[in-house]
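Protein chains: 4
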Amino acid sequence: MAGNSFGQLFRITTFGESHGAAIGVIIDGCPPDVSIDLEFIQAELDKRKPGQSRITTQRKESDTAQILSGVFEGKSTGTPLAMIIPNEDQRSKDYDHNKDIFRPSHADYTYEAKYGIRDYRGGGRSSARETAARVAAGAVAKLFLKQKGIEIFGHVSSAGTIDAPDLNATDLTKLLEIRESNIVRCADPAAAGEMIELIDSIRKQGDTIGGKISCIIRNCPAGLGEPVFDKLHADLGKAMLSINAVHGFEYGSGFTGSEMKGSEHNDIFKPADAGNPVTTLTNFSGGIQGGISNGMDITFRVAFKPVATIMQSQQTIDKEGNAAEIKGKGRHDPCVVPRAVAIVEAMAALVIADHLLRQEAYK
Amino acid sequence: MAGNSFGQLFRITTFGESHGAAIGVIIDGCPPDVSIDLEFIQAELDKRKPGQSRITTQRKESDTAQILSGVFEGKSTGTPLAMIIPNEDQRSKDYDHNKDIFRPSHADYTYEAKYGIRDYRGGGRSSARETAARVAAGAVAKLFLKQKGIEIFGHVSSAGTIDAPDLNATDLTKLLEIRESNIVRCADPAAAGEMIELIDSIRKQGDTIGGKISCIIRNCPAGLGEPVFDKLHADLGKAMLSINAVHGFEYGSGFTGSEMKGSEHNDIFKPADAGNPVTTLTNFSGGIQGGISNGMDITFRVAFKPVATIMQSQQTIDKEGNAAEIKGKGRHDPCVVPRAVAIVEAMAALVIADHLLRQEAYK
Amino acid sequence: MAGNSFGQLFRITTFGESHGAAIGVIIDGCPPDVSIDLEFIQAELDKRKPGQSRITTQRKESDTAQILSGVFEGKSTGTPLAMIIPNEDQRSKDYDHNKDIFRPSHADYTYEAKYGIRDYRGGGRSSARETAARVAAGAVAKLFLKQKGIEIFGHVSSAGTIDAPDLNATDLTKLLEIRESNIVRCADPAAAGEMIELIDSIRKQGDTIGGKISCIIRNCPAGLGEPVFDKLHADLGKAMLSINAVHGFEYGSGFTGSEMKGSEHNDIFKPADAGNPVTTLTNFSGGIQGGISNGMDITFRVAFKPVATIMQSQQTIDKEGNAAEIKGKGRHDPCVVPRAVAIVEAMAALVIADHLLRQEAYK
Amino acid sequence: MAGNSFGQLFRITTFGESHGAAIGVIIDGCPPDVSIDLEFIQAELDKRKPGQSRITTQRKESDTAQILSGVFEGKSTGTPLAMIIPNEDQRSKDYDHNKDIFRPSHADYTYEAKYGIRDYRGGGRSSARETAARVAAGAVAKLFLKQKGIEIFGHVSSAGTIDAPDLNATDLTKLLEIRESNIVRCADPAAAGEMIELIDSIRKQGDTIGGKISCIIRNCPAGLGEPVFDKLHADLGKAMLSINAVHGFEYGSGFTGSEMKGSEHNDIFKPADAGNPVTTLTNFSGGIQGGISNGMDITFRVAFKPVATIMQSQQTIDKEGNAAEIKGKGRHDPCVVPRAVAIVEAMAALVIADHLLRQEAYK
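Same order as they appear, the protein sequences are chains C, W, H and R. One gets my numbering by counting positions in the first sequence from 1 and adding 1043 to each. One gets my numbering by counting positions in the second sequence from 1 and adding 1043 to each. One gets my numbering by counting positions in the third sequence from 1 and adding 1043 to each. One gets my numbering by counting positions in the fourth sequence from 1 and adding 1043 to each.
Here chain C stands alone, though its shape is the one from the complex (with noise of 0.2 Å):
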């Protein structure tokens, strides 16, 4: 119960600290016959990794995954599915100074607190580098969801105050290739050039920034989510919010929702033609109704805060509570959107992944 466990059927546990040998994660329960490709699993992680352009951290690290069970012969076998990235940019030298001082905003004084011990080494485990453990992890989901024809797609829909317009999603392979062809990952390529401007100009003045990511889980059968505790958009949300810096979550029509009228809001089905599921007229739903996917996308959107590391002084205290002065050193992201959408889609298909299981067992 040390929280660092997710899922229930498929279920993954991850380890591993900043600065420390390795991080790395165990799937228990991932089904056996799924086709493993290694190849699919680390071009996920280097959408997340470091370097990958201006707009991000400079630290250069491979991310290079590797399996080290539960795979025989290119198949899941159904066993522990361990995976491990070992660490290589140590700069720990970079941390000596946050041996003894609190950084604003940071986890350095609530880990204390927790535990009375801290890694302090570049943030130990309340490091952002725990995620690339998730998106291995989501990997292998994403390849078992691939199987049932589902799909997830998240891009950047807000850098700051910069809005992308609502997108048209009738073609997500189209859309992720407009993503993929800039380095914010904004599906809108007008935004995107508004938002990657933002965030140079953010990054020169040592400062950082928020934004917002929305998703798109699309081919999900009715019927997944439990009703009470376990609604599905509930363990979406813990999945999300569980993402270092979110500080929100909602789906469908979300915040605005609670504006509306019920007459305005509910979604009206559509009489069923030849063959054609259930669908309905709108989504306010965002494809989940009393907990439980309806069939429609399934979509929702997720805000983050911005990088607490700025390369600005900044006062502070230290471990005796005296008054301090800090400067961000190191190499950090001015915002960490672009970066976040490949944990975004990973802990989304974790938690499809996981329902879809635990219905399984009960048909």
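Some hints could be false.
To be verified - Distance condition first, Cα-Cα at most 27 Å in a straight line; then the derived DSS-like pairs of lysine-lysine:
| id | chain 1 | residue 1 | chain 2 | residue 2 |
| --- | --- | --- | --- | --- |
| 1 | W | K1247 | C | K1304 |
| 2 | H | K1304 | R | K1247 |
| 3 | W | K1118 | H | K1362 |
To be verified - To give an idea of the chain W side of the interface with chain C (calculated C-beta under 7 Å), a few residues:
| id | residue |
| --- | --- |
| 4 | M1044 |
| 5 | G1046 |
| 6 | F1049 |
| 7 | Q1051 |
| 8 | P1147 |
| 9 | T1153 |
| 10 | T1204 |
| 11 | P1208 |
| 12 | A1212 |
| 13 | T1213 |
| 14 | T1216 |
| 15 | G1266 |
| 16 | H1276 |
| 17 | H1290 |
| 18 | G1297 |
| 19 | H1308 |
Bear in mind the hints are in silico, worked out from the structure with no lab data behind them. The beta carbon of each residue, even a glycine, is placed where N, CA and C say it ideally should be.
Dock chains W, H and R against chain C, hints included.
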């Protein structure tokens, strides 16, 4: 794993449908020697019960909790504390028209898709009646937290587009008094008046409206929350998103925070003075850093969609997929937020009680 | 994690003390569309209830189960199935003498050490009365397993030093008839006679005696059980060891098998013939290999210590640690095994139902 | 729920096959500030490793554990402690003959039935090699328990039909010395001699033999164990039964106790004298009453079947169900108990560490 349990160490399991014999809850993990004040539990339930005012459903149920086990001579014994709330006002015939029809934006279609069988009376397990069990359990959690000095305060901060101004939250007891002095449960009297007017007018239209609840947890010790997946705000988020009709959750700076710069958003630590705990000058972190409480007020906000049952005709489909028409019968809430304040507080209490015990284990 | 739940996907949570309002159970994870036959559930409870014959306790309780939720028109709905059994014959004054004294080999001292508070009436939560909730839940599991053709049969194979000979277990229905035709529930009529005589004589001495129950699970499909910690026999073992008074568990060849050679102990596979499943010539494996069922009969044996409450004077200590004397009052069983057969079968049914669902999830 | 995790608060998850890159374990929930002595961990592994003496398998693997995370400057940090043990001596070709054949009383047939796919090299996940990960994790648990003064001692009490006499267990340190002075790990030197002779002779026949391990847990505080399903002995039983080849578990009086009378079996409390904890005159309860430790020595016994791989020809079947013949190749143990002592102790340590934390949470 069928999703009717919540929490790890302070763990509840709920049961019951809208129109069965009773609903209820087992609390497994209430520590021994907590004073169990049945009157307090009942007072909490009364804040959620139907029929309290003209802006709630006119259904009448006394929602009387009975304790079946786990209490001896007024104290918890450490063994499972079971409570039941008998169902009373069951006009099952009000729901006969739902047997073969799927109400828009309800859980009828998805339950049918999930289980292939459905207790259609009053929404069955998807009925918000289930939340009474949460309120009863949450009241026990509050009794436990009271011993630790922890306070929880929620109120209606928005109804539709009417927003209460930010509260001066120095004195939660006083705010509670104001909140309970008006039927919409908003701690700002002026806004409360406008909200009641809006809901009255919506009700007369046979329509419904959404809203938001804001919540503060005070005196939570630093160190609660687990670092990776079970971050304190991730568990709070899941708790809130599991409440019927919730479409969004944010904590601290929330969605707005995603538009801020790091230099504005970072919460600067105040040098300690004699005997006082560490505090921060601002609280955009909402009392949680790296997923772990830092001793400041924990603040979050929850968005509720409008109630799906409206007293207007709507197009829909029947079980065979044919077009049909439906008009809400029965007695329903024009806006859920006044009654939902008790549910939000209860779920918050359950999360904090659980994480308190989890932290105790490792100290 | 307070230990009142059992199972993962077919999961039960029990509550209740000997002398509270009621005991009961929530089954979370009963699949939808199982026919819930209340008469069958009651018949199972009747096999465990007190007062059935001269060799059981003379306490009289009807142990009548009521279903509160999860069943609609005679079928399970997939939502939590809650049952309560009201407590009736509560002569609490019979237990006043236990308030300040620790009975030898009871749980009085350890509950006090654990909780610092204790409902001393009738053993409180440590009372074997709690097992009635298991039998009710196990009966539901049996109804589910019946749909899959799986049979479970237990009987008293030893009382004290009197052992029944090995059964010819070709026809479980016939053995069940024999078992139910005698009050000790042994499927060998001659041994049954001797056992009854022994228990009668022990009872007259104001003493008690232990015994053993043997159990067969038939038609369990191959493939159930998880390979490492949740081996099928490990979960059966935990289930049995969790029953009051159980001191030992063995499956297949058990303790005797540890004295055998590999060349004697290996179960040789029989070449398949038309349409028949694979079988083995012997079954020292007890139907389980590598923790996973192989389709053969699953066989195990459970050892019960003698009941601790005897009608003789015994030295003991009081809460202050002073010497004291105690003599059992009330009405107690001279030997638990005749009533425990129903409990052993119920726990076996719960384990198999759970593992069936777990295997379904990954298929 | 795929069964590769054990424990609730001190929780381990293991991974790895006999012939993959590595096996390993994540400990999630090791409290912070435990001194992690890698030499001690290695010494524990050395007691389990193959090739230690002429009566174990002649396979040579150094079984060297590496710590990947969760330790900083020699202390646990409270975050996941991951260890891997690379696989070395992989003569995969030794197992090519197993590809299409089911070895008698192995897990080949059942894994195939369960997963439809199987890593046949060296038994894959069903290999006892998996237990090395348990021993490494158990060593960490022992380091934690050592801080609390809790000792765990196991030894081989039977090999085949040769039983060691009951030990005088006053001084566990001395018994440990005796145990480690002979290759069969029996704390009675005379019995040890006979056992070694027996195993030698069995090995020469190309056969194998079973055995038993007895274990004592000393200085466990009263109050550990949860009252209903997670009784301390139920969790110990499950832990032991999850070890490869175990067919039986008993604690305290065990199977023999079922033949005793209550008047003989009850453990009479001794009136307390100055400052000493409560004790009992006898210990048929094996240190556990009502599922909760009472402060006396916890005692239990574990029965292992003979190793299934024998160096003799046996009839069996292939994947198509045709008759086949098989003869063990490779290097195997004639008797597992000498190497299994370390595993039994490790699993015991994991159970006690977990229940210590569980009890801490509610105090």
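Taking the hints in turn, this is what the structure says about them:
Proximity of K1247 (chain W) to K1304 (chain C) is assessed by CA-CA distance (about 13 Å); at most 27 Å being required, the pair is judged to hold. Under the criterion of a C-alpha separation no larger than 27 Å, the hint pairing K1304 (chain H) with K1247 (chain R) is consistent with the structure, at around 13 Å. Our distance criterion of 27 Å between C-alpha atoms is met by K1118 (chain W) and K1362 (chain H), whose separation comes to about 19 Å. Hint on M1044 (chain W) holds. Least Cβ distance to chain C is approximately 5 Å, under the 7 Å limit.
At about 3 Å, the closest approach between the beta carbon of G1046 (chain W) and any beta carbon in chain C falls short of 7 Å, and the interface hint on this residue holds. The criterion of a C-beta within 7 Å of any C-beta in chain C is met by F1049 (chain W), whose closest approach is roughly 4 Å, and the hint holds. With a cut of 7 Å, the hint placing Q1051 (chain W) at the interface with chain C holds, because the nearest CB-to-CB distance is about 5 Å. Interface hint status for P1147 (chain W): upheld, as the beta-carbon distance to the closest one in chain C is roughly 4 Å, under 7 Å.
A least Cβ separation of about 4 Å between T1153 (chain W) and chain C falls short of the 7 Å threshold, and the interface hint therefore holds. Checking T1204 (chain W) against chain C by beta carbon gives a least distance of about 5 Å; that is within 7 Å, so the hint holds. Taking 7 Å as the C-beta contact cut-off toward chain C, the hint placing P1208 (chain W) at the interface is violated, the least distance being around 17 Å. Interface hint at A1212 (chain W): violated, since its Cβ lies 19 Å from the closest Cβ of chain C, which is beyond the 7 Å cut-off.
The beta carbon of T1213 (chain W) comes no nearer than 24 Å to any beta carbon in chain C, farther than 7 Å, and the hint placing it at the interface is violated. Annotation: T1216 (chain W) was flagged as interfacial toward chain C, and the flag is violated, the nearest CB pair being 27 Å apart, outside 7 Å. The beta carbon of G1266 (chain W) is positioned within 7 Å of a beta carbon in chain C (closest approach about 4 Å), and the interface hint is therefore held. Residue-level restraint check for H1276 (chain W) holds (minimum Cβ-Cβ distance to chain C is 6 Å; threshold 7 Å).
The closest approach between the C-beta of H1290 (chain W) and any C-beta of chain C is roughly 5 Å, which is under the 7 Å cut-off, so the hint is satisfied. Given the 7 Å rule on beta carbons, the hint for G1297 (chain W) holds: about 4 Å separates it from the nearest Cβ of chain C. Hint status for H1308 (chain W): holds, given a least beta-carbon distance of 5 Å to chain C, under 7 Å.
In the structure shown, a violation is registered for the earlier hints numbered 11, 12, 13, 14, in ascending order.
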